[in-house]
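Undergrad: Here is what each chain is made of, one letter per residue.
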Amino acid sequence: MNNSLLVVLIASGVAYGTPLLFAALGELLAERSGVLNLGVEGMMLVGAVMGFWTVQRVHASTALTLVLAIVVAALAGTAMATIHAFLVITLRANQIVSGLALTIFAGAAGLSSYLGNDLNLADQPATRDFHALLPASMQNWPVVGPILFGQTILVYVSWACVVAVAFYLSRTRPGLNVRAVGESPAAADTMGISVTRYRYAHTLAGGAFAGIAGATVTLAITPQWVDGITGGAGWIAIALVIFAFWRPELCLVGAYFFGALEALAPQLQARNIQLGPTVLWTNSLPYVMTVLVLVLVSSGTARRRLGAPSALGFPYVREEH
Amino acid sequence: MKRRKPARAVLLLTVGALALVSASAGWGRSNTSSAAPFKVAWIYVGPHNDGGWSQAHDEGRQYVQKMLGNKVQTTYKENIAVGAQFNQTVASLVAQGYKMIFATSYGYVTKAVAAKYPNVLFEQATGTLVTKNVAEYFGSAEDTIFLSGMAAGAASKTGKIGFVVAYPIPEVIRHTNAFALGAQLTHPGATVRIVWTNSWFDPAGEKKAAQSLYQAGVDVLGQNVDSPATGQFAESVKIPWVGYDSDASKFAPKSWLTASVYNWGPYYLKRVKQAMAGTWKSGFYYGTINDGFTKLAPYGPGVSATAKTQIAVVERLIESGSFSPFTGPLYDQSGKLRVASGVRMQVLKGGTNSLYGMNWLVKGVIGSPKG
Amino acid sequence: MRTGVRISVERRLSQPRWLTVAVPVGSVVFAFLVAAVVLLATGHDPLPSYRLLFDAAFLQTGSLDQTLIAATPLAFTGLAAAAAFRMKLWNIGAEGQMYMGAITGAAAGLYLGGRGGPSAFVIAAMVVAGCAGGMVWALIPAILRAFFKTNEILTSLLLNYVAGYVLTYLIFESESYWRQTKGFNASVFPTGKPLPPSALWPGWTIHVQGGIVVPLGAGLALLAAGLLWLLYSRTRFGFEAQVLGDSERAARYAGVRVRRKILAVMAVSGAIAGLGGASQDGDFNHALDGDPNGLQKRGYGYTGIVIAALGRYNPFAVVLIAFLLGGLENAGNTLQGPSFPAGLVGVIQGIILFSALGGELLIRHRVRIGRRAGTVARATTPEPAA
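Protein chains in written order, with the numbering used here: chain S, 1 to 321; chain Y, 322 to 692; chain H, 693 to 1078.
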């Protein structure tokens, strides 16, 4: 039963959806403050390569090294995000263009590749990587075994992050403030909330999460380094935030759904279930569904409750308000 | 307060830029010295350090560079897609004076490109185009893949084996069949499940494929793709693994069984020397175990002594020419007899019953040959 | 009231001409300086690398040919982005619109083409078909924006992926019309059906410096730039579009039909991108390229957006910048190999883009350092989100 298609798909969805979840949570925070960051893929890759580098070069106990690697990855992502933040918040540059420039700069043909080659990280397995945390006996429990207990610690950490971000946004003062900043920066400003500071903080936090997402790929899912190893996950994460109506708990559901879709085609093949152009559908479905969600969200009364932060994508210039 | 400073600064910068450009223009004209080294380039479809196909070619290139020293200047271009990017790469290599190009993936060299540069020698791997300045080269990897399949069959307890494959093209189908036939030799009745990744090199996709095969019940994994991701997964679930293209045992020291590896170096050296001496002739080269073109990578801990002996025996038979894996009777997945008893499949002759044209899977392979 | 040393940024009232040229140039220089620091810090010598770069991009024999090949698609996507962005319509979908134009353009070429030399009729049909394909794909986010107020940034971005999967499907996962199915070679690897000879786009050879081949697409891109410039600066359509971009409310008062404008401008934008796709078929690939590691890895659509921004949406500037960035791309391909650090081209491109973006600030704003009191925010409503 634990090898039935459904259980396997859900378990795979959780595992493969975790980098998506981390990246989406980070992008969600940035977007809630009004900053659109299209450079997620670049930030993930730089986090991935630096996290991998840490594991290969640091000679300490496994646990310590892995923790350090995650920290380094987060810092690397934050460093990338700082460039974007500086450009769009302080220098009021166009957020779309800056985000794309970041992807070009840090992405598969840019800084991450440069670092990967210069630091000689290719063609070697990770000396340490994340394995399933709980003992095999628990992993064999029916249904919940593989789905819940067969995961790495990063998955469990991601759950904690979802709870934390949700709590932060809905129940804490700063969380409510950032929502105000994203909806109406002028009003927030008059209330004494520093728009600049909140945007910086949340954009940088977004970078940290993206870095961790990248490290999840090179240290848990495919423990090696190749150029562009994240394979476009950053873009899916951006779509995921929209799909989840900018809500953390829905990010989790969406991430696992998208992750399961990724795993669907090979699973069907392995079981010799021929369903025609499966790959086309499973690959396109997340995007098509997100478009539909967007349309839903932007039309009619749903708009205000479920919509994007109103000031998303625009620099806030006090003198112009 | 008038701000002249930015204007001056910008002007200085602009002048500086122009100076830089003109200075480099002065240096720009490439000079050709006498006794110039022979320039030969390699073009890879993936990263030069992919731990698989392209890396094996790059090792061949390095072998040539080492053996010929400064008589030759080698370079490589990686991640070059078939089509316009390849053509552009060739154009820029030729403009830089490269006289010989090894194109290491199918579809790279077209008639048009070859005709455009009649004085450049092209060597195309795994293809079929042969013209005055285009030669083809490949080898009977199916023989060594057959042997590696034998190792897989011997290591399997249930007879259920998984195989991660790239594109549903005759080359991959042929290799899959070889693997399956080998497995069935040491483990009669073995089945081989396949999952297509639609890419030569895609670690994430290959891991998903490997995982899905494992969850569908296989107890040994093999591959015809270029990254070691399948092996890493096999190691993590403690099942044996057969690799491909190169010795990737460091990725899965306990799971590693063996792999069919290509030894491109000697062929490359021979051809470059011929080109330099002016004796290069076009043709279709199909290497074998005998001339060292293909061989098995060193065994891992999971290959039993019995299996080693069996493999050695069969290898001897192949080398001597007494045995070919693709000898009839061969049945396809529906049970129909495709190759009559005793008939040996040829490389090019025979349509869909030729090695290069084979588009059907043998009995015991579970999956579609159409992808 | 806050006092103390403040760096304040104020919008300029007028934008001095020299600055609009000096800043982009200055940012390129600045970028190369920063990249030199990066190179030095990682143990590479910047001057030889740069020399190689310029050489490979513009100076070597045949390099201009290659640069034009790299620049042509960038010019199309840059113009496509500029066309839409001028009106503050954020069409991020040039990538997907290009794929769709490639599909429809190839279909026209395959269907109508035959033997003989390049036929004006067939090529014209490919041009029209390519424009149509891109246009239709752009109309999806356009309609969603015009009628449902859905943010076009996100919808056009998402549709890029769908377009890519469709493109791959046509060649790699099906036996479609576009796929080469006959002949021995066809079964060995999925490829697009080659375009018949009369569907191949010609090039012009300029007899300078050993002969430079200008592909038809490059000529078409230049033509498109001219037409776009005319459209925006000399027609009522263009005038209304710009008013709409500045203020939707003002446009409505002036009687501009907003919905129609949105559809029309996105259609123009998509058509240009689609033409770029047809050019890929006719000029360079001579078949439909569905390889996920081929056209889809190049990122022309996204780079085009950045080019449009750098060129400040001026069509001629866009073409020029496309040429320069094409040179950089070409140089990167030429230099790629064991002795040139991989990923350097992306790093340099990124730094150029960052510098130019930062430099934008200098054009639009004046930076003052001094003692200033804090300013009081005026409570006016911000512009509605796009």
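Keep in mind that the hints are not guaranteed to be accurate.
[Stated by the list, open to error] Which bits of chain S does chain Y cover? Going by a derived footprint, with three or more residues having C-beta under 8 Å, they are:
#1 117 to 125
#2 267 to 273
#3 278 to 288
Note that these hints are calculated values from the structure, not bench results. Ideal placement from N, C-alpha and C gives every residue a C-beta, glycine not left out.
Undergrad: Counting residues of the region 117 to 125 of chain S that have a beta-carbon nearer than 8 Å to any beta-carbon of chain Y, does the count reach 3?
TA: holds (count 4)
Undergrad: Under a C-beta cut-off of less than 8 Å, do 3 or more residues of the region 267 to 273 of chain S approach chain Y closely enough to confirm the stated coverage?
TA: holds (count 5)
Undergrad: Check, residue by residue, whether the region 278 to 288 of chain S contains three or more positions whose beta-carbon lies closer than 8 Å to a beta-carbon of chain Y, and give the verdict.
TA: violated (count 1)
Of the numbered hints listed earlier, the single one contradicted by the structure is hint 3.
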